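Protein chains in written order, with numbering that gives the first Met the number 0: chain U, 0 to 291; chain H, 0 to 291; chain X, 0 to 291; chain D, 0 to 291.
By construction, these hints were calculated from the structure, which means they are not laboratory data. Since this is a predicted model, take the numbers as computed values, not measurements. Accuracy of the hints is not assured; some may be wrong.
In silico PhoX-like links for lysine-lysine, alpha-carbon gap of 20 Å or less [unchecked claim]: (1) U:K291 <-> U:K192; (2) X:K9 <-> X:K238; (3) H:K9 <-> H:K129; (4) H:K234 <-> H:K9; (5) U:K291 <-> D:K291; (6) H:K291 <-> X:K291.
Protein chains: 4
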Amino acid sequence: MNIGFVGLGKMGHGMAQNLISAGHAVTVWNRTASRGNDLQKLGAQVAASPAECARTGTVITMLADDAALESAVFGENGILKALPAGGLHISSSTISVALSTRLTAAHVAAHQSYVAAPVFGRPEAAAAKKLFVVAAGTAADLSRCQPIFDAIGQRTFIAGAEPHSANTIKVLGNFLIATTIESFGEAFALARKSGIAPEKFLEILTGTTFTAPFHQNYGGIISREAYEPAGFAAKLGLKDMRLVLQAADAEGVPLPIASVVHDRFLSAVGRGNGEKDWSVIAKLAAEDAGLK
Amino acid sequence: MNIGFVGLGKMGHGMAQNLISAGHAVTVWNRTASRGNDLQKLGAQVAASPAECARTGTVITMLADDAALESAVFGENGILKALPAGGLHISSSTISVALSTRLTAAHVAAHQSYVAAPVFGRPEAAAAKKLFVVAAGTAADLSRCQPIFDAIGQRTFIAGAEPHSANTIKVLGNFLIATTIESFGEAFALARKSGIAPEKFLEILTGTTFTAPFHQNYGGIISREAYEPAGFAAKLGLKDMRLVLQAADAEGVPLPIASVVHDRFLSAVGRGNGEKDWSVIAKLAAEDAGLK
Amino acid sequence: MNIGFVGLGKMGHGMAQNLISAGHAVTVWNRTASRGNDLQKLGAQVAASPAECARTGTVITMLADDAALESAVFGENGILKALPAGGLHISSSTISVALSTRLTAAHVAAHQSYVAAPVFGRPEAAAAKKLFVVAAGTAADLSRCQPIFDAIGQRTFIAGAEPHSANTIKVLGNFLIATTIESFGEAFALARKSGIAPEKFLEILTGTTFTAPFHQNYGGIISREAYEPAGFAAKLGLKDMRLVLQAADAEGVPLPIASVVHDRFLSAVGRGNGEKDWSVIAKLAAEDAGLK
Amino acid sequence: MNIGFVGLGKMGHGMAQNLISAGHAVTVWNRTASRGNDLQKLGAQVAASPAECARTGTVITMLADDAALESAVFGENGILKALPAGGLHISSSTISVALSTRLTAAHVAAHQSYVAAPVFGRPEAAAAKKLFVVAAGTAADLSRCQPIFDAIGQRTFIAGAEPHSANTIKVLGNFLIATTIESFGEAFALARKSGIAPEKFLEILTGTTFTAPFHQNYGGIISREAYEPAGFAAKLGLKDMRLVLQAADAEGVPLPIASVVHDRFLSAVGRGNGEKDWSVIAKLAAEDAGLK
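The shape of chain U in the complex, shown without the other chains (with noise of 0.2 Å):
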């Protein structure tokens, strides 16, 4: 297939290489262009803007915000004008729920296709090709999907016909991780504090109940104290609770617990930890605790 693909962070980039391994001919984007230079190599088209990746017919966006992704579909050299009637846009960046039901509307009213399709996975299961995809969108464009799904993620999961239901998922799938970093963090400072060596609290929980991989990991983070360099940045954490946040004020459910949640993370940017890892929240709850 002849392929767009907007964003190479360091998500996006393992994504688009894998597109290119599984032969797809990709034309890549980025802001900043040097990032697609070995792309280029491996045989990868650099684009001038996001509208040449959408003439392709098929484009992906893989960008770090909502504001970053309303500038490449509605800003100047655009995806909505440059993709042709019958085109498909797969978005994969975590967004807000309000701007994919915003994305499908303006889509459809261009005569074009749009399924939402967000990630999970750290940036090393990107470029291993093991991201688990969780896809919406009417069964047709779906199905267009799939070769591309299946060439960078190990598992696609259909949420529905909905795009924004995708969407929802992947803030709730965040705020329960950082739900069990949170809990964690505190479960940690009183363990410290009632004189619980944090490596055998940690063995106990991880050898008993808490045997994700998730809980091994971010456990292992907090057991050591050791918040850099950084998997996913706090900053992104506080970005994925104010979505969560905003998707439930806009449905009507109260999060109790992500209020806690957000408000850890508010704090702990404000401290200057935004560039740490989200779970540097454990680290809060420790000076809570008054340890330090």
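Mind docking chains H, X and D on chain U? Use the hints.
Same frame as chain U, now just chains H, X and D:
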């Protein structure tokens, strides 16, 4: 070994049976004596008091709460006076950190040994010898316990030399499970109001990040809204949230999430859900969102 | 002065009337034009658009929310294009800090003056010229406003030179009132379950420490459970909690209490109480306690 | 009347002095006896034990916490055994609802009378006979107390026939004050970060809606960040939040705001602010916002 076993509830009954199966000579006591009838057929002695169990020299207690254990230890015909000097009390109940500390002092004063050994696992795990034992006490005392732990559990974790450490870990473990339940409850409420099928949402959660068995278990209950029969009753969840908040208050550790979850259980029990599974707090999250 | 007045709701109607009574030449506009009929009899001109009001050179807006004000200012036949260079826009609506900042920039760019002047007080106070005006803008602009403030309120407070300061203070004021309501709701729930007569509890609160009029007002409503008719609707309380949380998020300030109160309003509205007095959140506190 | 007075702390000393001034024959006891020296010069008898105070037939207790009162009543040379049949114990300390209930039963069993009469007001008010007395007990017992209440306070409120009602009201009152402090702390943090002068913000709050003396008092402390010397120490605020949460838990009433405030005090005390004024929790709200 000669072993006394005090408390034949859902958990204790299975544990006592496994001790018998392992070849130990077991003397059992329960407030409602008939709970020991079938164990008697398997060879157990049925005692008339906790004291009678304690006279064996090694007594395990597995009771419902602080009050029950205080009565069995400090009350008339209680363990403290009957246990010989050099005798051993293994406390497996989920009790307060404060009571564990008090028991440590009382047994030391009486020249007896005390080990805290709460267990992780449901009644089925107790019956199947699949419990995880989290034990704390002096190394010498713990080594005396090992044959007993081997008979009731699949694995033993040593939490430290201070018995109360094990109790702190136990209540923290339940706090972390309850937090997962609460956050799942909030997330499923938003998913439902957003038009996402609960079973689809569960499939995606458990197929990506939330891969531990308890995620599947509680996520399944919440997605099916099947809060009866209870695996672990909401009123016990409330008890455990009280225990963790008491321990945190005593150590000066704020646990904002635990307060949210405690309030949810308080409301759940106050609205008549005390005997339902503790995941029933998810129903309250749904009701707060105006569902149903 | 020639004054345009946009928005004749419960608050705006009384304010416009007081401007007429003070001898100003007032041109009014309201989406539902009939709200201006009685003012016309008092001498007001009825305009066909916000633009017509703006052409007077001094326009006051008192509208329901951001959307209504954005439409009146930036929409077709809006204020921004119609207001002459050197003209003055006084915004008294309870709006977002972000919109106030945007309006400041837009009016500056159009060589117009902008003053934020939200008011404290209920409709009765608006009718009786008893409002408190909290105004922010340049000193020169504020001095132009003084005759207007004198005509509508009992006292004017100058918040600072940046218009958005006044909006921040307004939403913080409503947050503080809502917090008092929520805490009264929790306290009355515990008093009731403890067997204390609500009217007795109220008498003691207001007779000792809680002596401000709003304590008596909301305490009285809560003790009598008389949430209708609404003095200020719960749906507006929800709006204001959103505004304060947005402002706090933008400035990086966690407001844990505001999140609790926001969730209470979200649930109150979701359960069908949106048109009741905003003190109806006390009913939810009672229900969470299993009362009724 | 012959009156025993137990507890000459900041509050009790002023109360005892006013009883002497009113012409009563007062016998005082304090753990540190020297606190009674000046009262002795005014005519008081200095007792060697609480029992000696109780032998007068009417004893008032004004002690720091549950433990101090339990010791004075149930301990060696305690009140319970020394108070004659028909004697009266007036408990003015801020204690737990549970202890008040226990005292009621103990005095009834000993054929003695028990009245709970906690007071509202600071040490200056105690010295100036300006306290508010909130009393609960049987009508007959309360009428015996009236000359005493008249001597120490400006007004007496009768809470009901059950003594514990008065204790519940007392802890609820302190919860409501603490909530106002916390919400002011959050609001001043946002005002500061928004560039609003704290003294200006305070002037507007207290000039409009927040007109009770405690608004001015705590708002003033917070705006000046003058948390020393303490009028009421943060460690006592923590104690009172524990008392209200215990009472709420026992009655099955969730108090989400009280949990937030409790956690704030826990953190304040844990970070070394226990002896500062309890409004110091506002400093933590500011720190969480990255101020300073």
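Cross-check of the supplied hints:
Pair hint K291 (chain U) plus K192 (chain U) holds up; C-alpha atoms about 11 Å apart against a cutoff of 20 Å. The suggested pairing of K9 (chain X) with K238 (chain X) holds, with an alpha-carbon distance near 17 Å, which does not exceed 20 Å. With a CA separation close to 14 Å, the supplied pair K9 (chain H) and K129 (chain H) stays within the 20 Å bound. Distance hint between K234 (chain H) and K9 (chain H) is fulfilled; the C-alpha atoms sit about 15 Å from each other, no more than 20 Å.
With a C-alpha separation of about 19 Å, the suggested pair K291 (chain U) and K291 (chain D) falls inside the 20 Å cut-off, and the hint holds. This hinted pair checks out: K291 (chain H) and K291 (chain X) have alpha carbons roughly 19 Å apart, not beyond 20 Å.
Consistency note: the structure conflicts with none of the earlier hints.
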